[in-house]
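Visitor: Sequence:
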Amino acid sequence: MKQSMMFIPTLKEAPKDAETLSHKLLIRAGLGKQVAAGIYSYLPLGYKVLKKIENIIREELDKIDCSELLLPALCPADLWKESDRWDQYGPELMRLKDRKNRDFCLGPTHEEVITYVVRDYLNSYKKLPLAVYQIQTKFRDEMRPRFALMRGREFSMKDLYSFHENAECLDRWYQVVWETYKKIFTRCGLKVKVVNSDTGQIGGKEAHEFMVMSEVGEDDISYCTDCDYASNIEFSNLIEGNKCPKCNGTIKVAKGIEVGNIFKLGTKYSDSMNAKFLDRDGKSKSVIMGCYGLGVSRTLMAVIEQHSNENSIVWPKELKPFDLHIICVDSKKKEQLETAEKIYAKFKTKYDCLYDDRIERAGVKFKDADLIGIPYRIIVGKDVENCQIEVKDIKNNQVDKINVDQIENEIDILLKRNE
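Heads up, this note's numbering is the position in the sequence shown plus 8, with the first residue counted as 1.
Source of the hints: derived by calculation from the structure; they are not laboratory data. Positions of the beta carbon are idealized from the N, C-alpha and C atoms, including for glycine. Keep in mind that a hint or two might mislead.
What the hints assert, rightly or not - Each computed DSSO-like pair below joins lysine-lysine, with the alpha-carbon atoms no more than 30 Å apart:
id, residue 1, residue 2
1, K71, K213
2, K403, K56
3, K60, K41
4, K213, K263
5, K24, K59
6, K325, K10
7, K20, K403
8, K191, K135
9, K190, K56
10, K263, K251
To be verified - Using C-beta positions, here's what the derived DEER-type ranges look like:
id, residue 1, residue 2, range
11, Y359, N405, 20 to 28 Å
12, E76, Y55, 32 to 40 Å
13, Q406, M14, 32 to 40 Å
14, S132, Y359, 49 to 57 Å
Work out the full structure: start from the sequences and follow the hints.
Guide: Given below as C-alpha coordinates:
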(Lines of atoms letter the chains of each structure in order from A and count residues from 1; the text may use other names and numbers.)
(Lines give C-alpha, C1' and ligand atoms only; values in the text may rest on other atoms or scores of the structure.)
Protein backbone atom coordinates (compact mmCIF):
# COMPACT_ATOMS: atom_id res chain seq x y z
CA MET A 1 0.00 0.00 0.00
CA LYS A 2 1.34 3.41 -0.92
CA GLN A 3 1.29 5.68 2.11
CA SER A 4 0.24 8.61 -0.05
CA MET A 5 -3.01 6.71 -0.73
CA MET A 6 -3.66 5.46 2.81
CA PHE A 7 -5.61 7.56 5.31
CA ILE A 8 -3.24 7.80 8.30
CA PRO A 9 -3.83 11.22 9.93
CA THR A 10 -0.93 11.32 12.42
CA LEU A 11 -0.62 14.16 14.93
CA LYS A 12 2.39 15.83 16.54
CA GLU A 13 0.52 16.31 19.83
CA ALA A 14 -2.15 14.29 21.58
CA PRO A 15 -5.55 15.84 22.40
CA LYS A 16 -5.73 17.47 25.82
CA ASP A 17 -8.37 15.01 27.04
CA ALA A 18 -6.14 11.99 26.28
CA GLU A 19 -4.97 10.81 29.72
CA THR A 20 -3.44 7.38 29.08
CA LEU A 21 -0.53 6.46 26.84
CA SER A 22 -2.73 4.16 24.76
CA HIS A 23 -5.31 6.92 24.25
CA LYS A 24 -2.62 9.39 23.16
CA LEU A 25 -1.03 6.95 20.71
CA LEU A 26 -4.38 5.77 19.32
CA ILE A 27 -5.03 9.34 18.18
CA ARG A 28 -1.48 10.42 17.36
CA ALA A 29 -0.77 7.31 15.24
CA GLY A 30 -3.96 7.83 13.26
CA LEU A 31 -5.57 4.58 14.42
CA GLY A 32 -8.87 6.12 15.50
CA LYS A 33 -10.76 9.38 15.90
CA GLN A 34 -13.40 10.40 18.42
CA VAL A 35 -16.83 11.22 16.98
CA ALA A 36 -18.57 11.80 20.33
CA ALA A 37 -17.86 10.93 23.95
CA GLY A 38 -17.19 7.18 24.07
CA ILE A 39 -17.78 6.78 20.31
CA TYR A 40 -14.83 6.30 17.95
CA SER A 41 -14.20 5.71 14.27
CA TYR A 42 -11.63 2.99 13.50
CA LEU A 43 -9.35 4.45 10.83
CA PRO A 44 -7.65 2.17 8.25
CA LEU A 45 -4.54 1.40 10.32
CA GLY A 46 -6.46 0.73 13.55
CA TYR A 47 -9.11 -1.27 11.71
CA LYS A 48 -6.38 -3.43 10.16
CA VAL A 49 -5.05 -4.34 13.62
CA LEU A 50 -8.57 -4.87 14.96
CA LYS A 51 -9.23 -7.39 12.17
CA LYS A 52 -6.02 -9.25 13.11
CA ILE A 53 -7.27 -9.58 16.69
CA GLU A 54 -10.60 -10.85 15.35
CA ASN A 55 -8.84 -13.41 13.15
CA ILE A 56 -6.84 -14.75 16.10
CA ILE A 57 -10.11 -15.14 18.02
CA ARG A 58 -11.75 -16.96 15.11
CA GLU A 59 -8.80 -19.30 14.61
CA GLU A 60 -8.73 -20.33 18.28
CA LEU A 61 -12.52 -20.73 18.59
CA ASP A 62 -12.63 -22.78 15.40
CA LYS A 63 -10.18 -25.19 17.02
CA ILE A 64 -12.71 -25.96 19.77
CA ASP A 65 -15.62 -26.36 17.32
CA CYS A 66 -17.46 -23.10 17.88
CA SER A 67 -19.74 -21.77 15.11
CA GLU A 68 -19.80 -18.09 14.17
CA LEU A 69 -23.08 -16.29 13.57
CA LEU A 70 -24.29 -12.70 13.67
CA LEU A 71 -27.18 -11.51 15.83
CA PRO A 72 -29.05 -8.20 15.43
CA ALA A 73 -27.76 -5.19 17.34
CA LEU A 74 -31.34 -3.90 17.59
CA CYS A 75 -33.15 -6.09 20.13
CA PRO A 76 -36.89 -6.12 20.94
CA ALA A 77 -37.81 -5.30 24.51
CA ASP A 78 -40.14 -8.31 24.63
CA LEU A 79 -37.17 -10.70 24.83
CA TRP A 80 -35.55 -8.67 27.61
CA LYS A 81 -38.84 -8.66 29.48
CA GLU A 82 -38.97 -12.47 29.23
CA SER A 83 -35.68 -12.64 31.14
CA ASP A 84 -36.73 -9.86 33.56
CA ARG A 85 -33.70 -7.76 32.59
CA TRP A 86 -35.56 -4.92 30.84
CA ASP A 87 -36.17 -3.15 34.15
CA GLN A 88 -33.17 -4.59 36.00
CA TYR A 89 -30.35 -3.60 33.65
CA GLY A 90 -30.42 0.10 34.49
CA PRO A 91 -29.55 3.33 32.63
CA GLU A 92 -26.60 1.77 30.75
CA LEU A 93 -29.12 0.06 28.44
CA MET A 94 -29.56 2.12 25.25
CA ARG A 95 -33.36 2.18 24.84
CA LEU A 96 -35.39 3.47 21.88
CA LYS A 97 -38.82 3.24 20.26
CA ASP A 98 -39.76 2.56 16.66
CA ARG A 99 -42.42 4.49 14.72
CA LYS A 100 -45.12 2.22 16.16
CA ASN A 101 -44.02 3.07 19.70
CA ARG A 102 -42.58 -0.42 20.33
CA ASP A 103 -39.63 -0.64 22.72
CA PHE A 104 -36.18 -1.79 21.60
CA CYS A 105 -32.63 -1.62 22.90
CA LEU A 106 -29.20 -1.61 21.32
CA GLY A 107 -27.64 -4.80 22.62
CA PRO A 108 -24.93 -4.51 25.28
CA THR A 109 -24.91 -8.32 25.37
CA HIS A 110 -27.05 -11.00 23.71
CA GLU A 111 -28.12 -13.69 26.17
CA GLU A 112 -31.81 -13.10 25.45
CA VAL A 113 -31.49 -13.06 21.67
CA ILE A 114 -29.33 -16.19 21.46
CA THR A 115 -31.67 -18.08 23.82
CA TYR A 116 -34.58 -17.14 21.55
CA VAL A 117 -32.64 -18.16 18.43
CA VAL A 118 -31.68 -21.67 19.63
CA ARG A 119 -34.49 -22.66 21.98
CA ASP A 120 -36.70 -24.33 19.33
CA TYR A 121 -33.73 -26.23 17.91
CA LEU A 122 -32.29 -27.52 21.20
CA ASN A 123 -35.19 -29.86 21.97
CA SER A 124 -33.12 -33.00 22.71
CA TYR A 125 -29.96 -33.96 24.59
CA LYS A 126 -28.73 -35.32 21.24
CA LYS A 127 -28.18 -31.74 20.05
CA LEU A 128 -26.07 -30.78 23.06
CA PRO A 129 -23.54 -29.38 23.66
CA LEU A 130 -23.62 -26.44 21.26
CA ALA A 131 -21.33 -23.38 21.12
CA VAL A 132 -21.97 -20.30 18.96
CA TYR A 133 -20.35 -16.88 18.93
CA GLN A 134 -20.34 -13.53 17.20
CA ILE A 135 -18.01 -10.53 16.86
CA GLN A 136 -20.20 -7.47 16.89
CA THR A 137 -20.59 -3.85 17.94
CA LYS A 138 -22.11 -3.46 21.41
CA PHE A 139 -23.69 -0.44 23.07
CA ARG A 140 -23.71 0.74 26.68
CA ASP A 141 -24.67 4.21 27.81
CA GLU A 142 -21.69 4.65 30.13
CA MET A 143 -22.06 7.49 32.60
CA ARG A 144 -18.39 8.35 32.29
CA PRO A 145 -16.79 7.04 29.08
CA ARG A 146 -13.02 7.39 29.27
CA PHE A 147 -9.63 6.26 27.99
CA ALA A 148 -10.89 6.09 24.37
CA LEU A 149 -11.81 2.47 23.51
CA MET A 150 -11.08 1.31 27.07
CA ARG A 151 -14.52 2.33 28.29
CA GLY A 152 -16.75 3.40 25.42
CA ARG A 153 -20.44 3.66 24.66
CA GLU A 154 -19.96 1.76 21.39
CA PHE A 155 -17.35 -1.00 21.26
CA SER A 156 -16.39 -4.24 19.54
CA MET A 157 -16.87 -7.48 21.46
CA LYS A 158 -16.79 -11.21 20.89
CA ASP A 159 -19.57 -13.01 22.77
CA LEU A 160 -19.74 -16.79 22.88
CA TYR A 161 -22.64 -18.85 24.25
CA SER A 162 -22.59 -22.55 25.14
CA PHE A 163 -25.51 -24.90 25.85
CA HIS A 164 -25.34 -28.14 27.85
CA GLU A 165 -27.41 -30.99 29.25
CA ASN A 166 -25.77 -30.98 32.68
CA ALA A 167 -23.47 -29.02 34.98
CA GLU A 168 -20.55 -31.39 34.42
CA CYS A 169 -20.58 -30.65 30.68
CA LEU A 170 -20.67 -26.89 31.39
CA ASP A 171 -17.74 -27.24 33.81
CA ARG A 172 -15.65 -29.01 31.15
CA TRP A 173 -16.51 -26.43 28.51
CA TYR A 174 -15.82 -23.54 30.91
CA GLN A 175 -12.28 -24.84 31.38
CA VAL A 176 -11.79 -25.29 27.62
CA VAL A 177 -12.76 -21.67 26.97
CA TRP A 178 -10.57 -20.55 29.89
CA GLU A 179 -7.53 -22.16 28.23
CA THR A 180 -8.55 -20.88 24.79
CA TYR A 181 -8.73 -17.31 26.10
CA LYS A 182 -5.22 -17.63 27.49
CA LYS A 183 -4.00 -18.71 24.03
CA ILE A 184 -5.77 -15.79 22.36
CA PHE A 185 -4.28 -13.21 24.70
CA THR A 186 -0.82 -14.77 24.45
CA ARG A 187 -0.99 -14.51 20.65
CA CYS A 188 -2.01 -10.86 21.08
CA GLY A 189 1.12 -10.28 23.15
CA LEU A 190 -0.71 -9.83 26.46
CA LYS A 191 0.00 -11.38 29.85
CA VAL A 192 -3.22 -11.89 31.77
CA LYS A 193 -4.27 -12.90 35.26
CA VAL A 194 -7.54 -14.80 35.68
CA VAL A 195 -9.46 -13.50 38.68
CA ASN A 196 -12.63 -14.44 40.55
CA SER A 197 -15.38 -11.89 39.96
CA ASP A 198 -18.98 -10.98 40.66
CA THR A 199 -21.56 -12.12 38.08
CA GLY A 200 -23.00 -8.58 37.92
CA GLN A 201 -25.76 -7.77 35.43
CA ILE A 202 -25.11 -10.93 33.39
CA GLY A 203 -26.02 -13.21 36.26
CA GLY A 204 -25.22 -16.85 36.92
CA LYS A 205 -23.46 -18.78 39.66
CA GLU A 206 -19.76 -18.29 38.91
CA ALA A 207 -17.63 -15.88 36.89
CA HIS A 208 -14.00 -15.04 36.15
CA GLU A 209 -12.31 -12.05 34.55
CA PHE A 210 -9.16 -11.95 32.43
CA MET A 211 -7.07 -9.00 33.53
CA VAL A 212 -4.08 -7.23 32.00
CA MET A 213 -2.05 -5.63 34.78
CA SER A 214 -1.79 -1.90 34.12
CA GLU A 215 -1.68 1.31 36.15
CA VAL A 216 -4.50 2.72 34.00
CA GLY A 217 -6.80 -0.20 34.79
CA GLU A 218 -10.08 0.56 36.52
CA ASP A 219 -10.20 -2.61 38.62
CA ASP A 220 -8.15 -3.37 41.74
CA ILE A 221 -6.81 -6.92 41.73
CA SER A 222 -5.55 -8.86 44.73
CA TYR A 223 -3.12 -11.60 43.72
CA CYS A 224 -0.69 -13.98 45.35
CA THR A 225 3.06 -13.70 44.82
CA ASP A 226 3.54 -17.46 45.33
CA CYS A 227 0.67 -19.13 43.43
CA ASP A 228 -1.89 -18.42 40.69
CA TYR A 229 -4.55 -17.05 43.05
CA ALA A 230 -6.08 -13.74 41.89
CA SER A 231 -9.39 -12.01 42.51
CA ASN A 232 -11.15 -8.71 41.98
CA ILE A 233 -10.66 -6.90 45.30
CA GLU A 234 -14.39 -6.09 45.53
CA PHE A 235 -15.04 -9.83 45.43
CA SER A 236 -12.23 -11.03 47.70
CA ASN A 237 -12.01 -8.16 50.27
CA LEU A 238 -8.28 -8.91 50.49
CA ILE A 239 -5.77 -6.09 50.88
CA GLU A 240 -2.01 -5.73 50.43
CA GLY A 241 -0.11 -7.94 52.88
CA ASN A 242 -2.96 -10.37 53.65
CA LYS A 243 -2.32 -14.11 53.51
CA CYS A 244 -3.34 -15.94 50.34
CA PRO A 245 -6.44 -18.09 50.96
CA LYS A 246 -5.07 -20.72 48.58
CA CYS A 247 -1.43 -21.20 49.63
CA ASN A 248 -0.83 -18.87 52.58
CA GLY A 249 1.49 -16.70 50.47
CA THR A 250 1.47 -12.88 50.47
CA ILE A 251 -1.23 -10.85 48.74
CA LYS A 252 -0.29 -7.92 46.50
CA VAL A 253 -2.70 -5.41 44.99
CA ALA A 254 -2.46 -3.93 41.50
CA LYS A 255 -4.72 -2.33 38.92
CA GLY A 256 -5.97 -4.29 35.93
CA ILE A 257 -7.73 -3.82 32.59
CA GLU A 258 -10.54 -6.32 32.08
CA VAL A 259 -10.21 -7.77 28.57
CA GLY A 260 -12.42 -10.84 28.94
CA ASN A 261 -14.94 -12.52 31.22
CA ILE A 262 -16.60 -15.92 31.46
CA PHE A 263 -19.81 -16.91 33.25
CA LYS A 264 -21.56 -20.10 34.31
CA LEU A 265 -25.13 -18.95 33.67
CA GLY A 266 -26.78 -22.21 34.61
CA THR A 267 -30.52 -21.99 33.86
CA LYS A 268 -31.00 -18.25 34.53
CA TYR A 269 -32.14 -17.53 30.96
CA SER A 270 -33.45 -20.93 29.91
CA ASP A 271 -35.83 -21.05 32.90
CA SER A 272 -37.32 -17.61 32.28
CA MET A 273 -37.40 -17.97 28.48
CA ASN A 274 -38.61 -21.60 28.39
CA ALA A 275 -35.59 -23.14 26.64
CA LYS A 276 -36.26 -26.83 27.35
CA PHE A 277 -34.92 -30.15 26.08
CA LEU A 278 -35.74 -33.83 26.61
CA ASP A 279 -32.99 -35.58 28.55
CA ARG A 280 -31.84 -39.20 28.20
CA ASP A 281 -34.77 -40.36 30.32
CA GLY A 282 -37.31 -38.42 28.26
CA LYS A 283 -37.79 -35.76 30.94
CA SER A 284 -38.11 -32.06 30.12
CA LYS A 285 -35.29 -29.95 31.57
CA SER A 286 -33.97 -26.43 31.18
CA VAL A 287 -30.87 -26.08 29.02
CA ILE A 288 -27.75 -25.19 31.02
CA MET A 289 -25.83 -22.21 29.63
CA GLY A 290 -22.46 -20.50 29.75
CA CYS A 291 -21.43 -17.19 28.21
CA TYR A 292 -17.99 -15.81 27.44
CA GLY A 293 -17.16 -12.22 26.49
CA LEU A 294 -13.94 -10.82 25.04
CA GLY A 295 -13.42 -7.11 24.41
CA VAL A 296 -11.90 -6.82 20.94
CA SER A 297 -11.46 -3.04 20.92
CA ARG A 298 -10.37 -3.08 24.57
CA THR A 299 -7.75 -5.71 23.71
CA LEU A 300 -6.43 -3.30 21.07
CA MET A 301 -6.07 -0.60 23.73
CA ALA A 302 -4.42 -2.97 26.20
CA VAL A 303 -1.89 -4.02 23.55
CA ILE A 304 -0.98 -0.40 22.82
CA GLU A 305 -0.70 0.30 26.55
CA GLN A 306 1.71 -2.60 27.09
CA HIS A 307 3.70 -2.35 23.85
CA SER A 308 4.61 1.30 23.46
CA ASN A 309 6.64 4.22 24.69
CA GLU A 310 5.84 7.93 24.56
CA ASN A 311 6.30 8.29 20.80
CA SER A 312 6.13 4.80 19.37
CA ILE A 313 4.08 1.61 19.23
CA VAL A 314 5.98 -1.66 18.89
CA TRP A 315 3.36 -4.18 17.84
CA PRO A 316 3.43 -7.86 18.87
CA LYS A 317 4.37 -9.92 15.82
CA GLU A 318 0.86 -11.23 15.10
CA LEU A 319 -0.75 -7.78 15.28
CA LYS A 320 1.67 -5.71 13.20
CA PRO A 321 -0.36 -3.72 10.64
CA PHE A 322 2.26 -4.39 7.93
CA ASP A 323 5.31 -6.64 7.59
CA LEU A 324 7.57 -3.97 6.09
CA HIS A 325 7.74 -0.20 6.00
CA ILE A 326 9.64 1.01 2.92
CA ILE A 327 10.67 4.66 3.25
CA CYS A 328 11.95 6.81 0.42
CA VAL A 329 13.80 9.53 2.34
CA ASP A 330 13.57 12.12 -0.44
CA SER A 331 10.95 11.35 -3.07
CA LYS A 332 12.17 14.30 -5.17
CA LYS A 333 15.51 12.56 -5.74
CA LYS A 334 15.20 10.43 -8.88
CA GLU A 335 17.62 7.67 -7.85
CA GLN A 336 16.07 7.26 -4.40
CA LEU A 337 12.54 7.20 -5.82
CA GLU A 338 13.34 4.71 -8.57
CA THR A 339 15.15 2.37 -6.17
CA ALA A 340 12.35 2.55 -3.60
CA GLU A 341 9.76 1.87 -6.33
CA LYS A 342 11.67 -1.20 -7.49
CA ILE A 343 11.98 -2.54 -3.93
CA TYR A 344 8.27 -1.97 -3.31
CA ALA A 345 7.33 -3.71 -6.56
CA LYS A 346 9.54 -6.65 -5.60
CA PHE A 347 8.18 -7.11 -2.08
CA LYS A 348 4.48 -6.20 -2.35
CA THR A 349 3.64 -9.56 -3.92
CA LYS A 350 5.40 -11.45 -1.09
CA TYR A 351 4.73 -9.34 1.99
CA ASP A 352 2.25 -6.81 3.31
CA CYS A 353 4.13 -3.56 2.70
CA LEU A 354 3.52 0.09 3.47
CA TYR A 355 5.54 2.27 1.09
CA ASP A 356 6.12 5.88 2.16
CA ASP A 357 6.22 7.61 -1.20
CA ARG A 358 4.99 10.95 0.18
CA ILE A 359 6.64 14.23 -0.73
CA GLU A 360 7.45 15.09 2.88
CA ARG A 361 10.49 16.01 4.93
CA ALA A 362 12.55 13.07 6.17
CA GLY A 363 11.88 14.03 9.80
CA VAL A 364 8.11 13.83 9.26
CA LYS A 365 8.42 10.42 7.63
CA PHE A 366 10.55 8.98 10.42
CA LYS A 367 8.35 10.39 13.21
CA ASP A 368 5.28 8.93 11.53
CA ALA A 369 7.06 5.61 11.10
CA ASP A 370 7.86 5.54 14.83
CA LEU A 371 4.21 6.19 15.70
CA ILE A 372 2.90 3.54 13.34
CA GLY A 373 5.32 0.94 14.72
CA ILE A 374 5.87 -1.44 11.78
CA PRO A 375 8.67 -3.75 13.02
CA TYR A 376 11.00 -3.67 9.99
CA ARG A 377 12.02 -0.67 7.92
CA ILE A 378 13.77 -0.45 4.57
CA ILE A 379 15.21 3.06 4.28
CA VAL A 380 16.20 4.29 0.83
CA GLY A 381 18.32 7.42 1.31
CA LYS A 382 21.42 9.15 -0.01
CA ASP A 383 23.57 6.01 0.42
CA VAL A 384 21.73 4.55 -2.57
CA GLU A 385 24.36 6.36 -4.66
CA ASN A 386 26.76 3.74 -3.31
CA CYS A 387 24.20 0.94 -3.82
CA GLN A 388 23.54 0.83 -0.05
CA ILE A 389 20.21 0.94 1.78
CA GLU A 390 19.39 0.62 5.48
CA VAL A 391 17.35 -2.14 7.09
CA LYS A 392 16.15 -1.38 10.62
CA ASP A 393 14.83 -3.89 13.15
CA ILE A 394 12.73 -1.62 15.39
CA LYS A 395 12.26 -3.98 18.34
CA ASN A 396 15.98 -4.70 18.68
CA ASN A 397 17.03 -1.21 17.56
CA GLN A 398 19.43 -2.72 15.04
CA VAL A 399 20.40 -1.02 11.75
CA ASP A 400 22.28 -2.79 8.94
CA LYS A 401 23.50 -1.43 5.62
CA ILE A 402 22.69 -3.82 2.80
CA ASN A 403 23.71 -3.84 -0.84
CA VAL A 404 20.72 -3.13 -3.07
CA ASP A 405 21.24 -6.38 -4.97
CA GLN A 406 21.10 -8.41 -1.75
CA ILE A 407 18.03 -6.80 -0.21
CA GLU A 408 15.53 -9.49 -1.24
CA ASN A 409 17.57 -12.32 0.24
CA GLU A 410 18.34 -10.41 3.44
CA ILE A 411 14.68 -9.46 4.05
CA ASP A 412 13.53 -13.02 3.37
CA ILE A 413 16.02 -14.30 5.97
CA LEU A 414 15.06 -11.60 8.50
CA LEU A 415 11.32 -12.17 8.28
CA LYS A 416 11.59 -15.95 8.24
CA ARG A 417 13.79 -15.84 11.34
CA ASN A 418 11.17 -13.78 13.17
CA GLU A 419 7.99 -15.56 12.11
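Visitor: Please go over all the hints and tell whether each is borne out by the structure.
Guide: Against the structure, the hints come out as follows:
1. K71 with K213: Holds, at about 27 Å.
2. K403 with K56: Status holds; Cα separation ~20 Å.
3. K60 with K41: holds (19 Å)
4. K213 with K263: holds (25 Å)
5. K24 with K59: Within the cut-off at roughly 29 Å; holds.
6. K325 with K10: Measuring from Cα to Cα gives roughly 22 Å; hence the hint holds.
7. K20 with K403: holds (22 Å)
8. K191 with K135: Holds, at roughly 28 Å.
9. K190 with K56: holds (22 Å)
10. K263 with K251: With a Cα-Cα distance of about 19 Å, the restraint between K263 and K251 holds, given a limit of 30 Å.
11. Y359 with N405: 20 to 28 Å: holds (21 Å)
12. E76 with Y55: 32 to 40 Å: Between E76 and Y55, where Cβ atoms are some 19 Å apart, the hint is violated.
13. Q406 with M14: 32 to 40 Å: Violated, since Q406 and M14 (Cβ atoms, about 27 Å apart) do not stay within the stated range.
14. S132 with Y359: 49 to 57 Å: holds (50 Å)
The structure is inconsistent with the numbered hints 12, 13, although it conforms to all the rest.
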